[in-house]
Amino acid sequence: MFSSDELPGLDRRSLLRNAIMLVGGGLAATPGGAIAKAVTKPKKKPARFFSPAQMVVLATVTDIIIPRTDTPGAKDAGVPQNFDALMRNWASAQHQAQFNALVDELGGLGLAKLPAGQRIEAVRKFDADKLAVFDETYVKFKELVLTLYYLSEAGATKELRYELIPGKWEPWTEMAPDARAWAV
Amino acid sequence: MFDAIVVGSGMSGGWVAKELTEKGLKTLVLERGHHVEHGADYKDSLAPWQLENFGMVPEEEADEHYAVQKKCYAFSTANQDFWVKDSEHPYTTAEGKPFMWIRGYHLGGRSLMWGRQSYRLSPMDFESNAKDGHGSDWPIRYEDMAPWYDHVEEFAGISGSKEGLAQLPDGHFLPPMELTGTEIDFKKKIEAAWPTRKLIIGRAAHLTQAQPVHEELGRISCQYRSLCERGCSFGSYFSSLSSTLPAAERTGNMTVITNAIVHSVIYDPKTGKATGVRVIDAKTKQGRTYEAKVVFLNASAIGTAQILLNSKSEAMPNGLANRSDAVGRYLVDHISGVGAGGIYPGFETHYHHGRRPNGFYIPRYRNVTEKTDEFVRGFGFQGGILRETWKRGTAKPGVGAEYKASLRRPGPWRVGLGGFGEMLPRPENRVTLHPSRVDQWGIPLVHIDAELGPNDRKMVDRMRADAREMLERAGVQDIHVGEHYGGLGLGIHEAGTAHMGKDPTKSVLNKYNQSHDVSNLFITDGAAMASTGCQNPSLTYMAMSARGAHYAAEFLKEGRI
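Heads up: the sequence lines are chains V and U, in that order.
If you're matching positions, the first sequence starts at 606 in the numbering used here and goes up one per residue.
If you're matching positions, the second sequence starts at 186 in the numbering used here and goes up one per residue.
In case anyone wonders, no lab produced these hints; they're calculated from the structure.
For glycine and all other residues, C-beta sits at the position ideal for the given N, C-alpha and C.
A few of these clues could be false.
Dumping the calculated DSS-like pairs for lysine-lysine here, alpha-carbon to alpha-carbon at most 25 Å [claimed, not checked]: (1) Lys208(U) x Lys478(U); (2) Lys282(U) x Lys270(U); (3) Lys576(U) x Lys745(V); (4) Lys228(U) x Lys763(V); (5) Lys256(U) x Lys745(V); (6) Lys773(V) x Lys576(U); (7) Lys763(V) x Lys581(U); (8) Lys763(V) x Lys576(U); (9) Lys470(U) x Lys270(U); (10) Lys718(V) x Lys735(V); (11) Lys696(U) x Lys458(U); (12) Lys773(V) x Lys347(U); (13) Lys282(U) x Lys255(U); (14) Lys372(U) x Lys383(U); (15) Lys383(U) x Lys556(U); (16) Lys773(V) x Lys228(U); (17) Lys643(U) x Lys556(U); (18) Lys730(V) x Lys581(U); (19) Lys255(U) x Lys745(V); (20) Lys735(V) x Lys576(U); (21) Lys458(U) x Lys478(U); (22) Lys735(V) x Lys581(U); (23) Lys478(U) x Lys742(U); (24) Lys458(U) x Lys687(U); (25) Lys372(U) x Lys556(U); (26) Lys745(V) x Lys581(U); (27) Lys372(U) x Lys773(V); (28) Lys373(U) x Lys347(U); (29) Lys730(V) x Lys576(U); (30) Lys556(U) x Lys374(U); (31) Lys576(U) x Lys228(U).
According to the in silico footprint, chain V covers these stretches of chain U (three or more CB under 8 Å from chain V) [stated by the list, open to error]: (32) 353 to 365; (33) 537 to 548; (34) 565 to 579; (35) 586 to 595.
Among chain V residues calculated to face chain U with C-beta under 10 Å, some are [stated by the list, open to error]: (36) Ile669; (37) Ile670; (38) His700; (39) Lys735; (40) Leu749.
My request is simple: use the sequences and hints to build the entire structure.
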């Protein structure tokens, strides 16, 4: 496992703050700050799976895949933090290793050094290349990113529509051309 | 001393408990698993983002403890307590013959997570064994069951449409749910291409319009959340916990004991009757016994066979009520997991609202209206046509605002068809007790040796071909036809291990679901089935349980048992 807990002497909080500045205000804007919770309330398991540097990569990439538009983007929806949480609480050792390597591979794109306009092209090419060969790790990664976004409160209720209790079944409704899909 | 002991609190045990207690019998219900409180123990109020790991059970925990259960579509962190840990409840299978035994050991059993599709067997299903010679002739016919189907449908609440089909008798229905426009279009195309095939709305155990009989138990009409397998606090679908056990409870005649694993039935060779059951406490592992005048086994088909086989005595060395050597044999499941899907083009101006916990059904036509020489019996299809969600984005290349915008719209309509076929009852497909291995309670493990036979495999091929052909005829695009998963069990319709029959030397139960050999022993779960048709079986287990309980109470009153 690759974790910031294994880097003695580093102050995770300040590193994260730096990370937030690097990638923009999205993380800081997350209400309630999932990061702050994870850092200040350590459990038995490591508070973070990915290193601060990897978290920057993950946040950058997921927010390129699903950017903030007129609705929240991946970072606003807490996707990077929730992805990290899945690594700690859900992923097998095999998936942990695969996603760790994938995030490092994404880090190799050097997105931070690229002008904003070129970042999206780099991720677009990476995405297309991986899907063209049906790279299983990447396909699962993308599935998880979409799941964490569209099933987040922001993704499900602001980008899409969600009703906990629909109350009725309407099998055939006229749809406005700009109607949003149901999240579930 | 109780009047009756019911082993199991699930789909069938709940019904036996209700019927017996309503007839005034002091009834003990023994459940091997933990208590589940209706409502309080359900996670049906949680939004997707509130679920632990977004519903995904940790992979290593799933591999280590739920190696079989995790294969069920309904398994998630929203209902993880409703599945057994395979690691704690092992069983063995014959080499090369995987059997995925999906189990729920808790109050209410699998009636909490069931698929809720509810169909009557038809006259031809009760005649099939007699006609083609497979299995034992049923000692009952449809006419014997019809009033009991009426009885359970009214109380359970089954929604559906009357269709007048010989192979799928109509019942006492609540209003049907509605098909989508695309499903109606598909129906028209199928019925035009094959005039004797029908596509109907699924018949499902949901209160589309709650009646007083439901409301008095606190059940209300379906709210179209489709979170059913988490348990429904509204009681809108039928389960033991929403319906039968509360009905039994209010009589004051029921005692429920959980964590009580039935080891065996106690048999008295002097009287030829069962006197009670031996129980092992799941927690303390202490043994104890309970006595009653009549014993019902409703432990699920395989569990019931296990108890019978483990109830060996000097008088009955092959296990209780097993003079026929049929106990454990003739194990069937429905042939399932075979189907096809694709994109249903057009209709992009329309959508749906709410989540319908149901789909459509294409009742059996093979060897009903379309004679098919390659196999006997037949299959039906379940399916649906809904618009795709954001999930289509996984394999779709793209990133950024445009990609996000494309997934904001509902996707194209997608059709799915899944077959459910009748597996022939064959004596070599059987459950036995493992010769040496025991579980942590000292009970011999179940060993399952079962596989599809030649007739079943031909049916698999025909199901795949028919699914493709119907989709092609309807103009479906990107058709994908699935492979069968290569084992058994995932139909979760296991049955046949203590079947009803006319001949006491060849079958286990008579026409009253009463043991041929032990007059005060009744079995009304899936074990009792002499054949299964291709219809989802729970409604039949309900009806059979109410019927069996009726006769047991009569016989008790008359002093016959």
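Measure nothing beyond the straight line between the CA atoms of Lys282(U) and Lys270(U); if it is 25 Å or shorter, mark the hint as holding.
Roughly 21 Å separates the two Cα atoms, so the pair holds.
Checking one constraint from the list: CA of Lys735(V) to CA of Lys576(U), max 25 Å. Satisfied?
holds, 18 Å
For the pair we were handed, Lys255(U) and Lys745(V), check the Cα-Cα distance against 25 Å.
The hint holds at about 18 Å.
Holds or violated: Lys478(U) and Lys742(U), Cα atoms, limit 25 Å.
Since the Cα atoms of Lys478(U) and Lys742(U) sit roughly 11 Å apart, the hinted pair holds (cutoff 25 Å).
Does Lys581(U) lie within 25 Å of Lys730(V) when you go C-alpha to C-alpha?
holds, 13 Å
Tell me if the straight-line CA distance from Lys745(V) to Lys581(U) falls inside 25 Å.
Given that 25 Å is the threshold and the Cα spacing comes to 12 Å, the pair holds.
Proposed proximity, Lys576(U) with Lys763(V) (alpha carbon, max 25 Å)
holds, 17 Å
Measure nothing beyond the straight line between the CA atoms of Lys383(U) and Lys556(U); if it is 25 Å or shorter, mark the hint as holding.
holds, 16 Å
Pair hint outcome, Lys773(V) versus Lys228(U) [Cα-Cα no greater than 25 Å]
holds, 20 Å
Hey, does the Leu749(V) contact hint survive, CB to chain U under 10 Å?
It holds, given that the least Cβ distance between Leu749(V) and chain U is near 9 Å, below 10 Å.
Restraint check for Lys256(U) with Lys745(V), where alpha carbons must lie at most 25 Å apart:
holds, 18 Å
Classify the hint on Ile669(V) as holds or violated, based on whether any CB of chain U lies nearer than 10 Å to its CB.
holds, 6 Å
Of the numbered hints stated above, none is contradicted by the structure.
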